[in-house]
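Just so it is clear: in the sequence shown, position 41 is 41 by UniProt numbering, and no numbers are missing.
There are no misleading hints in this set.
Here are the simulated BS3-like cross-link-like pairs (lysine-lysine), alpha carbons at most 27 Å apart as the crow flies:
hint: 1; residue 1: K149; residue 2: K79
hint: 2; residue 1: K198; residue 2: K256
hint: 3; residue 1: K219; residue 2: K179
hint: 4; residue 1: K179; residue 2: K226
hint: 5; residue 1: K413; residue 2: K256
hint: 6; residue 1: K264; residue 2: K413
hint: 7; residue 1: K79; residue 2: K119
hint: 8; residue 1: K413; residue 2: K270
hint: 9; residue 1: K226; residue 2: K362
hint: 10; residue 1: K270; residue 2: K87
hint: 11; residue 1: K256; residue 2: K179
hint: 12; residue 1: K292; residue 2: K226
hint: 13; residue 1: K79; residue 2: K413
hint: 14; residue 1: K180; residue 2: K198
hint: 15; residue 1: K79; residue 2: K270
hint: 16; residue 1: K149; residue 2: K87
hint: 17; residue 1: K413; residue 2: K87
hint: 18; residue 1: K362; residue 2: K219
hint: 19; residue 1: K180; residue 2: K226
hint: 20; residue 1: K241; residue 2: K179
hint: 21; residue 1: K219; residue 2: K198
hint: 22; residue 1: K149; residue 2: K119
hint: 23; residue 1: K362; residue 2: K401
hint: 24; residue 1: K219; residue 2: K292
hint: 25; residue 1: K87; residue 2: K264
hint: 26; residue 1: K87; residue 2: K119
hint: 27; residue 1: K241; residue 2: K198
hint: 28; residue 1: K198; residue 2: K226
hint: 29; residue 1: K180; residue 2: K256
hint: 30; residue 1: K362; residue 2: K292
hint: 31; residue 1: K256; residue 2: K226
hint: 32; residue 1: K401; residue 2: K361
hint: 33; residue 1: K270; residue 2: K256
hint: 34; residue 1: K79; residue 2: K264
hint: 35; residue 1: K292; residue 2: K361
hint: 36; residue 1: K226; residue 2: K241
hint: 37; residue 1: K361; residue 2: K219
hint: 38; residue 1: K198; residue 2: K179
hint: 39; residue 1: K180; residue 2: K241
By construction, these hints were calculated from the structure, which means they are not laboratory data. Bear in mind the structure is a predicted one, so any value in this text is a computation, not a measurement.
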Amino acid sequence: MFHKSNVRTVKVFTLPSPQINRIINKPNSRIVFRSTRLNESTIMVIRKTQQRRNLTKKSENPPQCLDAWFNISRDEAEKKLTAYYLKSGTYLLRPSSIPQSLTLSFRIETNSECVVLHKRISRASNGNYSFQNHNLSFGTVQELLQNYKIELNLTEACPRGNKLPVTFDEFEVDRQSIKKVRDLGRGSFGSVFQATWKNSMQVAVKTHLPAMNNEAFMKEARTMHKLQHPRILRLLGVCTKPANQPIYIITELMTKGSLKSFLKSPEGRKLPLANLLDIMAQVCDGMAYLEKHNVLHRDLRAANVLVGDDNSVKVADFGLARDSEGSAGRELFYFWWVYFIILSVGCFPIKWTAPEAALLKKFSIKSDVWSFGVLIYEIVTYGAEPYPSMQNLEVMVTVSKGFRMPNPSTSDKPCPDSLYDVMNECWDADPDERPTFAHLFYVFTNW
Numbered sequence: 001m002f003h004k005s006n007v008r009t010v011k012v013f014t015l016p017s018p019q020i021n022r023i024i025n026k027p028n029s030r031i032v033f034r035s036t037r038l039n040e041s042t043i044m045v046i047r048k049t050q051q052r053r054n055l056t057k058k059s060e061n062p063p064q065c066l067d068a069w070f071n072i073s074r075d076e077a078e079k080k081l082t083a084y085y086l087k088s089g090t091y092l093l094r095p096s097s098i099p100q101s102l103t104l105s106f107r108i109e110t111n112s113e114c115v116v117l118h119k120r121i122s123r124a125s126n127g128n129y130s131f132q133n134h135n136l137s138f139g140t141v142q143e144l145l146q147n148y149k150i151e152l153n154l155t156e157a158c159p160r161g162n163k164l165p166v167t168f169d170e171f172e173v174d175r176q177s178i179k180k181v182r183d184l185g186r187g188s189f190g191s192v193f194q195a196t197w198k199n200s201m202q203v204a205v206k207t208h209l210p211a212m213n214n215e216a217f218m219k220e221a222r223t224m225h226k227l228q229h230p231r232i233l234r235l236l237g238v239c240t241k242p243a244n245q246p247i248y249i250i251t252e253l254m255t256k257g258s259l260k261s262f263l264k265s266p267e268g269r270k271l272p273l274a275n276l277l278d279i280m281a282q283v284c285d286g287m288a289y290l291e292k293h294n295v296l297h298r299d300l301r302a303a304n305v306l307v308g309d310d311n312s313v314k315v316a317d318f319g320l321a322r323d324s325e326g327s328a329g330r331e332l333f334y335f336w337w338v339y340f341i342i343l344s345v346g347c348f349p350i351k352w353t354a355p356e357a358a359l360l361k362k363f364s365i366k367s368d369v370w371s372f373g374v375l376i377y378e379i380v381t382y383g384a385e386p387y388p389s390m391q392n393l394e395v396m397v398t399v400s401k402g403f404r405m406p407n408p409s410t411s412d413k414p415c416p417d418s419l420y421d422v423m424n425e426c427w428d429a430d431p432d433e434r435p436t437f438a439h440l441f442y443v444f445t446n447w
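Please work from the sequences and hints to get the whole structure.
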């Protein structure tokens, strides 16, 4: 360590270090000193150490630590920022192809058109940040964004859309901790209502009659509970006690309800094709996760895809949505014509079910792919019923003979031939020839 008393004659160094600056009492200035106790190599060590400390200070909140940071390309940024549920002024930070730079990408809307702009942020040798060709610089990216927030009409960082909901400490939830808020409707096996958990977290609760096999239910519920993905509705917990009360199936809350009803709403009907394709990509993302974990859905349709407050979607009602014990009527494979009649008046989703699953009960991830093809039809027609004017029995017979729905494209609801081709690939009579969800996710994310 050296002291002010060591200064004798003049030698110039550029050392913007708080420690050295305090010693000579000249902050942010050139340091002038010479020490008979320090040789040149020792001085250089001090210089490098202080510079390294200074860089550490400058990087206390690097861009990569900000909520707005995404490690994505320009094309990926534009696709993300043009999502239909985002507002004008939404922005993100991303890497730049230019060294010592990063890029601010932000969304603006003019005359109902969405445009994504990009501005390069350069980092100077002193660690300060500035927009390219701008003289004004700032010590941190946060300060730069705050300064230009009004000028550029920046509103909020782009949501990541991949945060998983809070998990419960115990899978078996105390019934008294669930307080009903309002009814949301009825599901396949009971009512659905919005509730609060411990007066703090909003959740959705589905009721189920307690007559089912409780042991089998809990086994499957725990399996579903382990599945965690941003595009899969999270099963948070269950209430199975007391045994004489309806079972509560507790999930995260999706405020805008089913995709089917959302597409029919004024908000949903305004969505352009690009946003509909984004919804398809989100569904494929979730289904690819189930595919990877060998989980079958068996009932994939718009009614079983839910929409959140940011208009992102999640696949719901898989696993627990089906009657795991089956039904006597569905086991009558010897008399398939009786089976047709039974199902034609039942709640079985014939119009979404692959022929091999409906006729032979051969469910697989490829039968889910068939259902996704019908879901594409629902999305591109803004919630229209598939096979319009046809009853379940008629659909079952004609589809097994090779009939496929025609392209539903109209002047106000276009369906490109390329999209219709994807639908037909999903409806291939040979399950092995149908695409995987992983492939479909790639197709829609690169549309």
